[in-house]
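Chemist: Given next are the chains, with one letter for each unit.
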Amino acid sequence: GQNIDQPTEMTATEGAIVQINCTYQTSGFNGLFWYQQHAGEAPTFLSYNVLDGLEEKGRFSSFLSRSKGYSYLLLKELQMKDSASYLCAVFSGGYNKLIFGAGTRLAVHP
Amino acid sequence: EAGVTQSPTHLIKTRGQQATLRCSPISGHTSVYWYQQALGLGLQFLLWYDEGEERNRGNFPPRFSGRQFPNYSSELNVNALELEDSALYLCASSLLGNSGNTIYFGEGSWPTVV
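Heads up: the protein sequence lines correspond to chains P and R, in order.
Everything in the first sequence is counted per the numbering used here, starting at 23 for the first residue and increasing by one.
Everything in the second sequence is counted per the numbering used here, starting at 96 for the first residue and increasing by one.
Hints are not guaranteed to be accurate.
[Unchecked claim] Computed, partial: chain R to chain P, Cβ under 7 Å:
(1) 134
(2) 135
(3) 137
(4) 151
(5) 181
(6) 200
In case anyone wonders, no lab produced these hints; they're calculated from the structure.
Backbone N, C-alpha and C define an ideal beta-carbon position, used for all residues, glycine too.
Same shape as in the complex, but just chain P (with noise of 0.2 Å):
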């Protein structure tokens, strides 16, 4: 089966550096992306790992273990603008398809 796993919420202070974490099962396995969505917009493009290891892009910076069918993504300098949902997602080879976790909703408070 397939199965993609992320926490439902965290929240946070602005300022601080905050993880969220994703585990996922699938068949055959092309790289995961993380997402963020405003509520109401679209999804936008944050990062992609193929290979294990540790993505770094401004404030944001993703970690893959395939081995361990895990990835996180880091926030840090946490601004209210923030505050969004989350999405993994994994492009499952196997099924030919990009699949999506349930997303994470963070909430950054002052």
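Given the coordinates of chain P, work out where chain R should sit on it, guided by the hints.
Modeler: Coordinates of chain R only, in the frame set by chain P:
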């Protein structure tokens, strides 16, 4: 460079009617994906088209159908609309659909079924 464009943004239909949603991919992209996102829920995969062919479909009834045109634009048709079809429908595009290329989303279409 224009992103993925979808139309209409909003539409209102009554139960039993048909809705047609349209999508133009980013120039050069050959793969188009359709997702449904019901209010407060995750993205559910509907359909994937690449080079004019349907490559995969999600667990949706046959009244959800679509096609991809020679210019790679796509239509999603929903027949015999039901109230629960009221949701955000997102179109996305990428280069070469099965190679893990980044997928970019349009702004979505919101059909409301009354």
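Chemist: Next, verify each hint and record whether it holds.
Modeler: Hint-by-hint comparison with the structure:
1. Interface restraint check: residue 134 of chain R against chain P, minimum CB-CB distance 10 Å, threshold 7 Å, status violated.
2. Hint on residue 135 of chain R is violated. Least Cβ distance to chain P is approximately 10 Å, over the 7 Å limit.
3. At about 4 Å, the closest approach between the beta carbon of residue 137 of chain R and any beta carbon in chain P falls short of 7 Å, and the interface hint on this residue holds.
4. Hint on residue 151 of chain R holds. Least Cβ distance to chain P is approximately 5 Å, under the 7 Å limit.
5. With a cut of 7 Å, the hint placing residue 181 of chain R at the interface with chain P is violated, because the nearest CB-to-CB distance is about 14 Å.
6. This hint holds: residue 200 of chain R has a C-beta 4 Å from the nearest C-beta of chain P, less than the 7 Å allowed.
Checked against the numbered hints given earlier, this structure breaks hints 1, 2 and 5; the rest are met.
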